[in-house]
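Kindly generate the complete structure, drawing on both the sequences and the hints.
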Amino acid sequence: MKSAPFTYHDPGTVDEAIALLGQHEDAKLLAGGQSLMPMLNMRFVVPDHVVDLNGVAGLAGITDTGDALEIGAMTRQRDLMRDAAVGAKAPIIPEALEFVGHFQTRNRGTIGGSLCHLDPAAEQPCLMAVYDAVLTVQGPDGTREVPFAEWPLAYMIPSIGPDELLTKVRVPNWAAGHGYGFAEFARRHGDFAIVSAAALLEVSGGTISRAAIAIGGADVRPIRLEEAEAALVGQAANAESFKAAGEMARKIDAISDAYVSSAYRQRLAATMVERALAKAGSRAGGSA
Amino acid sequence: MADTRDIEVTVNGQRHSATVETRTSLGDFLRQGLGMTGTHMGCEHGVCGACTVLLDGEAVRSCLMLAVQANGHEVTTIEGLADADGTLSPLQKAFWENYGLQCGFCTPGMLTSLTAFLKENPDPSEREVREAISGNICRCTGYQGIVDAALSAAKTMREV
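Those protein sequence lines, which keep their order, are chains S and W.
Oh and the first sequence: position 26 is 83 in the numbering used here, straight run, nothing missing.
Oh and the second sequence: position 61 is 53 in the numbering used here, straight run, nothing missing.
If you're looking for bench data, these hints aren't it; they were derived computationally from the structure.
Where is the CB? At the ideal position from N, CA and C, for every residue including glycine.
Any given hint could turn out to be false.
[To be verified] Quick partial rundown of chain W residues pointing at chain S, CB under 7 Å, derived from the structure:
(1) Asp(-5)
(2) Asp(-2)
(3) Gly34
(4) His37
(5) Thr44
(6) Glu50
(7) Pro82
(8) Lys85
(9) Gly127
(10) Leu143
(11) Ser144
[Stated by the list, open to error] Computed from the model, here is a short list of chain S residues facing chain W with C-beta under 10 Å:
(12) Met58
(13) Gly90
(14) Gln91
(15) Leu97
(16) Asn111
(17) Gly112
(18) Phe242
(19) Arg245
(20) Ser339
This is the structure we're talking about:
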C-alpha cells in the first residue's frame, strides 16, 4: 500500500507543466490526489513521473463573467461549496458536492481532477453534463474548447491528449430564479452514486420554458435525457409531468455489474429524475 | 537512486526540516520521518479516515497527500490537540467522558476531523455530527459514544 517510486515534478506555470508532459513519456498529472493517490498507493498506476499541479499559478479560482461561471481546473470542491457566486448563480453545484466523498476529501479534491478521472458515477461530470459546460484544454499547440457532450470518449476516458491539461470549465448561467435539484442513491453516504440525477428548470407562470436533466452512474458516462427535456417544455411544472419524465428515464441504457443490475439502475434513474425535478420545480421562481 | 526533496514543515507549531523520498505519503512521513505515531495509517486509500490530520487548519487524509506537498505548510496531528502541559482539549475530554473510544485506532482521525468540524459548526445537530464522521470508520463503538462526545464538546466550547 505504498506508491512505487516516481520522479516528482512541481511546475509553477501551465506552460512548464505542458513541457514536462511533452518531455516525459509516462507522466501522470496530480491534482487534488483523492483518486490518483489511492491508485498510486495500490499500484494500480505506476507512472515514471508525477507532475504536481498544486503549485501551478492561475489554475484555481472562480470568475463570474456575467453569462457564465469560469471555474479553474484546480479549484477545490470545498471552495466551490463556499463561493458566493457559485451559490447564487449555480446553486445545484454546492448541493451536489455535498455528495462527493467526505468533507476531508473535498478539502483537497478538485473539479478538474474529477472531470479527468471521469468516473461515470461521480457527481461533477453529471453536473457538467446538465449544464453543457465547455472545457478548456491546453497543449503545446495552444488551447481548444470541448463541450462536455464530447468530453467522455469511453468509460473513464476523457478527450485529452497525453501532453494536454484541462485548465478550466465554463458553466453557463441559467436565468435568475431557475429551479434546480440533485438527487442521488448510494448505499452509504459519501460512496459513489449507484444512480444520480441533476435537473434544471426555468418556469414562468407555472409552465416549464426550459429543462435540462442529466443522469450519472447509469451508463459508462453521464447522459442527458433530451427526450424528456423536450417533452417537459410547455408542460405545467407539477408532479404529473415530473413523473412522466421519470418514466422516460426508465428506458435509458444502463450498465450491469456484480452488485447492481441494469434493470435496477433503470428503476433508480426513474425515481432519481422524478425527485430531482420535484426539487427543481419547488424551487423555480414563478412556479404555480 | 531514489527521488528525494528537502522540505520544511511546521508540525504542531514546531518547524521540521527533512529530506523525503517524493513518493512518501504525509502520513508515513509523520510516523516514520518524525516518529509521531499518533497518526494511524489504516486503509491507505482514503476510505477509513484514521490518518486524518489538519493541513493549515483543514482536515485532510494524510495517506492521500505526499509529504513533499506539505512543504511550507502547517500540519496539526493528534499530538498537537492537547495543551503543552497535557491538559486535554474539550473534545478529547468529552471522548473520555462519553466512551468515545475503545481500541483507539480510529480516534486520531475522529478527533482531528471533529476538531475542524466543530470550529466551523459550533452548534451542530446530531445528524450533522453523524455526517461529519461519515468518512471515519470505527469498528468498536457503534459511533454512539463518539456522537455524544462531539455534541457534549460542542456544548462545552460554546459555554466557554
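Hint compliance check: list the failing hint numbers for this structure, sorted ascending. 2, 3, 7, 8, 10, 11, 18, 20
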